[in-house]
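Given these sequences and hints, build the entire structure.
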Amino acid sequence: MLPGTITSLAQHVIDRLTVHNISKDPLGWDGNTTISMESDFLEYLTRIIDLNKKCAVVIDSISNLILHRGASYTCRVLHKCSTLQRQKDVETSPVIALIHQDVHDETAMNMICHTASTVIDLHPPQSQDYSGSCHILHKKSSGKIIKITEQYKINRSYDDIINVEEIKQQFGLIDKPQETVADPAANLTFNLSLSEKEKLARSKVVLPYIQKPERSDVGVSSAGSGKIFYQPDEADDFDEEDPDDDLDI
Amino acid sequence: MFIELNNMCNISGGVQIPGTCVLIEGCHGADSSFVLHHFVSGYLKSGFNLCFIGLSQSFNHYNSVGIKLGASFIDARENGNLVYIEALKLLGEEILKYESETDMSILQSSKLLHFENNNHSGLKKLYHHCKYCVQDLLTKHPDKPLLLVIDDVSVLRLIGYDSLDVIYFMSYLRALMSTYCGCLVVQTLCDTTGEDQDKDPAVQHIHHQSECFIKVEALSSGYCKDVHGQITVCSRWPESEAMKRAMQYKIQDKSVIFFALGMSGAVL
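Protein chains in written order, with my numbering: chain E, 1 to 249; chain F, 1 to 268.
Think of the hints as simulated: they come from the structure by calculation, not from any bench. Careful: at least some of the hints might be erroneous.
[Claimed, not checked] Here are some, though not all, of the chain F residues that point toward chain E, as calculated from beta-carbon distances under 7 Å:
id : residue
1  : Ser121
2  : Lys124
3  : Gln135
4  : Tyr168
5  : Ala175
6  : Pro201
7  : His205
8  : His208
9  : Glu241
10 : Met243
Idealized CB from N, CA, C, for every residue including glycine.
What follows is the structure, given as C-alpha cells:
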C-alpha cells in the first residue's frame, strides 16, 4: 500500500478503517510482525473479518501476492474473502482488489478476472478533459453480463470523481462513403437503355434456340428412333439408277 | 542542480514531499545519470541528508561529478551529511560468507540451487545496513530532509537476484523512507533494443509505486549533435494533479539545456 494515502482520507472514514499493513515488513526482516507474505492468509482472514458486521475488504495490491504465492492461491484468498460473510447470511459486502496488469502474465490475469464478478480496466483518457477511461465488465448473479466503457475525471485533491460519462461505441453510426462508379452509358448521343414497355416486349420474344413446350413433347416421343423424312421437291431431279448424276465430274 | 528539471517534475524548493519515490529510467542510447546527479547535488548543496547506495559506479566517480556540479561527496561525508554504501562489496561478502559456512561437497553438487534458496540474505543485510546508516544520519542532523538514492537497481537483477527479491527490497526501502520521512530516488536502465520488449516485472512494480517517473531516451530519429535526447516526466504527487511533460535536452559541460520538442536552436 502506498504510504500516506490513508491519511488523506476523511476522518469519519479513517475511524471505521482497520489497516493490516503487510507492505511495511513483507518478509519479516524487521521482526515483530504478525503477518508476512509467508503466512497463511486463509486462516488470517477468518481471524480478522468480523462475521457479524458488514465489512468490505480492500486489498492494495494483490500483485505482490500473485508474484509470491502464485495466481491460484490468490484466487483462493479472494474467493475466501467473498464467501466468508455469505456463510453467516449477512448481506455480502464487496472485496476490492488492485492489480497491476503489466506485472503479470496473461494466464494469471485471466485467472483473477474469472474469479472477480466485476472487472474495471483502467486506461489513459481518450480526451484531455478527463483523467482516464475504463472498461467495466460486470457479471450479475443472474447471469447477465454488462459491458460499459466510461471516462471519468478526478478532482485535484484525488478524493472525488466529479464527472463520469459513458463512451458510446461508434460502430454502425459512421456512414460508409458511397462508392461512385462512373456510368459509361450516361452521356451518349444514342439510347442504350430500355423503357419498361420495351423490356416487356423483349421478354415475350421467343428465342430461336429455345424449344417450345409442344415441340419438346414430340421430341421426347421420338427420342431413340431417329428418322429422316425426305420429300423431294419438284425441282429435284432424282434418278434412282444414277444417284450421282447431279455431280459435275 | 538544474532548476528547469525541478519545474518539469513539479518539485518546489528542490525538496520532494516526504515518503515519495522518484523512478529514473534510462533507455539504450541515452544517459539518464544527469537526472540522478541533479537530485544528489541539490540535496548536498543545501546540506541535507543523503544516503547513497552505489551499484554501478565508484565513489570517486560520483565525487568528481559532484565537484563539477559544486557538491563535494568527500566534504559531505566528513560533515556527516552523506553515507555512501558500496552495495556490491556488501553483497559479495555475503555470498563469500555463505560459501565458507556451507559444506563444500553440498555446494559443488547443487551450488546454484542453494544460493537461490538463500537469496534473500544479501539484500536483507543490505537493507539492515541502510537502516543503520539512515538512523545514524538522522541522529547527527535530525531536522534536515533525507534522500535515499540507488544507482542503479537493474544491477541487482543482473547479478542474479530474482525480480520478486528486488520488489521486496524496494518495498522495504520505501517503508523505511516513509517511517523516517525521507524520499527515494531510484535509477534503472532498460534495454529495449532487443527483441524481447517485455519489461522486467520489478521495474514495472517500482513504476507503479513511484509518484514521479522520469524517462530519458535517445531520439527516435537517431543521433544528433545538438539534441542529446528526450526526457519525459510523469508526476502524480499527493494532492496535486497528475501531469505528463516531454522535453528535449542537450547536456553541456556543467549544465543541461531543455527545450520543447523540435524547438532546438539547431532545428530552427
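Subject >> Interface hint status, F/Glu241 versus chain E (Cβ within 7 Å) >> reply: F/Glu241 check passes; min Cβ-Cβ to chain E is 6 Å, inside 7 Å.
**OP:** Let me know if the C-beta of F/Pro201 comes in closer than 7 Å to any C-beta of chain E, holds or violated.
**Re:** This interface hint holds because 5 Å falls under the 7 Å limit.
**OP:** Against chain E, run the beta carbon of F/Ala175 and see if the smallest gap drops under 7 Å.
**Re:** With Cβ-Cβ at 4 Å, under 7 Å, it holds.
Original post:
Hint check: is the beta carbon of F/Tyr168 less than 7 Å from a beta carbon of chain E?
Top reply: holds (6 Å)
Subject >> Status of the hint placing F/Lys124 at chain E (closest C-beta pair under 7 Å) >> reply: holds (5 Å)
Subject >> Restraint check, 7 Å cut-off on beta carbons, for F/Met243 near chain E >> reply: violated (11 Å)
**OP:** Closer than 7 Å between Cβ atoms is the bar; does F/Gln135 clear it against chain E? Give me holds or violated.
**Re:** violated (13 Å)
Subject >> Proposed interface contact between F/Ser121 and chain E, which counts if any beta carbon pair is under 7 Å >> reply: Status violated, d = 10 Å.
Original post:
Going by Cβ atoms only, is F/His208 closer than 7 Å to chain E?
Top reply: holds (5 Å)
Subject >> Per-residue hint verdict: F/His205, partner chain E, C-beta under 7 Å >> reply: Constraint on F/His205 satisfied, holds at 5 Å.
The structure shown violates the earlier hints numbered 1, 3 and 10.
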